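S.K.: Chain by chain, the residues run as shown.
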Amino acid sequence: GNSVTQMEGPVTLSEEAFLTINCTYTATGYPSLFWYVQYPGEGLQLLLKATKADDKGSNKGFEATYRKETTSFHLEKGSVQVSDSAVYFCALSLFSGGYNKLIFGAGTRLAVHP
Amino acid sequence: SQTIHQWPATLVQPVGSPLSLECTVEGTSNPNLYWYRQAAGRGLQLLFYSVGIGQISSEVPQNLSASRPQDRQFILSSKKLLLSDSGFYLCAWSVRDRYANYGYTFGSGTRLTVV
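In order, the protein sequences belong to chains A and B.
Okay, so the first sequence: first residue is 1 according to the numbering used here, each after it adds one.
Okay, so the second sequence: first residue is 115 according to the numbering used here, each after it adds one.
Here are some chain A residues pointing at chain B (derived, C-beta under 10 Å): (1) 30; (2) 38; (3) 42; (4) 44; (5) 46; (6) 49; (7) 95; (8) 96; (9) 98; (10) 102; (11) 104.
Label pairs and their computed distance ranges (CB to CB): (12) 125/B / 17/A: 36 to 44 Å; (13) 68/A / 125/B: 40 to 48 Å; (14) 114/A / 193/B: 45 to 53 Å; (15) 157/B / 20/A: 18 to 26 Å; (16) 124/B / 111/A: 20 to 28 Å; (17) 15/A / 191/B: 42 to 50 Å; (18) 45/A / 191/B: 21 to 29 Å; (19) 17/A / 119/B: 35 to 43 Å.
Read the hints as simulated data drawn from the structure, not as lab findings.
Nothing here was measured: the structure is a model prediction, and the numbers come from that model.
Built from N, CA and C at the ideal position, the CB exists for glycine as well.
Produce the entire structure from the sequences given, and follow the hints as far as they go.
M.R.: Set out below in structure tokens:
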């Protein structure tokens, strides 16, 4: 079946540290891949996306590359800030059953300390 | 531009009481609409999706129901709330895209506490 697996949190970092949140997927067909971010008490916001193999999505200093050979879409940022503290969700999207089905990972909580 | 509105933001309801959460989308036509629930500290669970007026599909059996009386309106309901219905409810919409390139846009959520 189709699924997304992401590293368990929480991930705790000091400000300006390097961030990696691992995400791997299993899918039939050719999914699009997404990272969403959820700040405390808010809904989900699209952070970045990639729609085909070798595409790199980037936004706000975050980036992720669609790796078909390793079925991965790891999220990275070179220097995190306290304001990056949030829950990050990796997701894949497939057209299935007549609609765009978005399948989420369990989420990874990031806590950045000054 | 497209916007999605969800209300209320916060709700405290007694066990056994009814529920109605509303979601509307502006600036687009024929959207796909979705209801998700997020239990405390957990991931996202798809509850319902709709590809058109009156067309509702349920992903999990539960105490809740959904309706889509208008193209851009999606309502989540319950006749009698349970304690286990507590959580953060999110509405979302997407374009109809066979290549699934666009993802979903989420509302700001409703935090429901059943007491």
